[in-house]
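So the protein sequences, as listed, match chains A, B and C.
Each residue of the first sequence is one higher than the one before, counting from 1 in the working numbering.
Each residue of the second sequence is one higher than the one before, counting from 1001 in the working numbering.
Each residue of the third sequence is one higher than the one before, counting from 2001 in the working numbering.
Be aware that a few hints might be false.
[As the list claims (entries may be wrong)] Derived DSSO-like pairs (lysine-lysine); straight-line CA-CA distance at most 27 Å: (1) K76(A) x K1073(B); (2) K76(A) x K2088(C); (3) K76(A) x K1192(B); (4) K2088(C) x K1073(B); (5) K1073(B) x K1278(B); (6) K1192(B) x K91(A); (7) K91(A) x K1081(B); (8) K1024(B) x K1081(B); (9) K1024(B) x K1129(B); (10) K1024(B) x K1073(B); (11) K1192(B) x K2088(C); (12) K1073(B) x K1192(B); (13) K91(A) x K76(A); (14) K1199(B) x K91(A).
Quick caveat, the hints were computed from the structure, so don't treat them as lab data.
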Amino acid sequence: MSGLTGLIDLLSWLALVAGSFCALSGGVGLLRFPDFFSRMHAAGVMDTLGAGLILFGLMLQSDHWLVLVKLLLILKLIWLTSPTSSHALAKAAIRGGARPLLGDDMPGRGKR
Amino acid sequence: MEMLVDVFLLGLLVATAVAISSTKDLFASIMLTGLYSLISAAFFVLMDAVDVAFTEAAVGAGISTLLMLSCMKLTGQYEPKPHRHRRLLGLVVVSVTGVLLLFGTLDTPNFGDDHSPIQDHLAPHYLTKSMEEIGIPNVVTSVLASYRGFDTFGETVVILTAGIGVLALLGFSPKRQSDDLDSLVAPMHHQKILRVVSKLLIPPILLFALYVQFHGDFGPGGGFQAGVIFAAAIILYAMIFGVHVARQVFRDGAIRLLAALGVLIYGSVGLLSFLSGKNFLDYSVLSDTPQHGQHWGIMLVEMGVGITVAAVMLIIFFTFSARVDKRERDGDENQRQ
Amino acid sequence: MFIAATLALLMTMILAMGRAFLGPSLYDRILAINMFGTKTVLLIAVLGFLMGRPEFLDIALVYALINFISVIGLLRYFEYNQAQLQAKLQRVQQARDEANP
């Protein structure tokens, strides 16, 4: 029995660490990438994956079914709303006239 | 560890406040205000003030952002350049006030001091006697709705007054129907995914508002938060499918009536206990045992608060957006002439 | 382990906040606010476990909902401005057509 709890603990820690890494790299991407659409890519992808991993790690630690249900609800909500708002935002940006930087326009890379 | 997170969050708060005051773009400053509420709610969670964090999340980050945005449609997006004022005078006033405030902090009890005056008089009574006198697990709700029921009544009346104020200023302008209203107020029609997901989300949000309303006795929540969440769901619908569609269900007369009805429910509970020979808002007369009466009283009162808050938020939002449409049309007609 | 996650989330919040302050376009700011909101949800959930108070999850749930609604509100403002602009352009076009048929 204790072997199983140890395994679950190990799994949840792995998920938490992986989720934290995803969250952090998403943040770095949001700050460092050159234009709006690549920033959105970093933020959107890493947000969804990081949230999933962290909440999964927490789920393995929950000791009551109500806590588990609430975590599942939060996860479902984030997976539903986060891509939706990213999509709506990207669409609004395109309609508003923002265009992605392509190839030679990238800063730090001279015209070839 | 907790101390570290506290200091960290307070630092973020200061940085946000400086950014808000330095930007001239009102849109950016509204967004940063939302950020400020997010951070302060996380801070309240750390301080274990769960109910306050709940309110801050629902009111500060949610509804006030929406209301300020709809207000900004009336005012325009950029702050005009301020007139030149005497900077030295301002500096003197600010410095004097700052020094006085700093001087005032010398008299306040230390952070986390368990012998400060606020902990010594009423708080122990509330914390130890609440379970036997009121009989509900969440002490915050028992203080808010029963021990301090009169104060909460006042707050509910203040919210109603805010609604009446907005109506008195903006609501009673002569109404004119316009043909191109529909094309103006439903601009989200090309966002298909958004529309589908919102349709999926709105019923759970309304259900969650009811959960918050009736679960307030046991966990964080209550009438104020539930009313705000309910109104936010309706506003989400109005934003995506058009204000005029939402107004077909939530008609002007109906929500005005509901706003007053909430206060009426609250006041009637008070009068009922008054007429039964007890103090105003002493719920123990409402049922055969005092504890049971308290349950009934708190539930009714929270329901009154929830109805008034939701209705007033909708009144404010609808009044602002109707005003925008009207100004829009006037402007266009003036240009045509 | 919860502490590591808390610290990582706090660092991410700083990074997102940097983007919200820097801009440059309003879309960037909305993106940053959206990300900041998600990170706050996660932070509150993790803090609930760290402090042994899982009822904090109710607040995280409200956040997830409210964050979505306010981001849509911000977007709606843009959409509104664009629709207004297009309507005005159409009117100008119409007026021009009427003036010289």
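Results of checking the hints against the structure:
no., hint, result
1, K76(A) x K1073(B), "violated (33 Å)"
2, K76(A) x K2088(C), "violated (41 Å)"
3, K76(A) x K1192(B), "holds (20 Å)"
4, K2088(C) x K1073(B), "holds (16 Å)"
5, K1073(B) x K1278(B), "violated (50 Å)"
6, K1192(B) x K91(A), "holds (11 Å)"
7, K91(A) x K1081(B), "violated (33 Å)"
8, K1024(B) x K1081(B), "holds (9 Å)"
9, K1024(B) x K1129(B), "violated (52 Å)"
10, K1024(B) x K1073(B), "holds (16 Å)"
11, K1192(B) x K2088(C), "holds (25 Å)"
12, K1073(B) x K1192(B), "holds (25 Å)"
13, K91(A) x K76(A), "holds (23 Å)"
14, K1199(B) x K91(A), "holds (19 Å)"
When the structure is compared with the earlier hints, violations turn up for hints 1, 2, 5, 7 and 9 and for no others.
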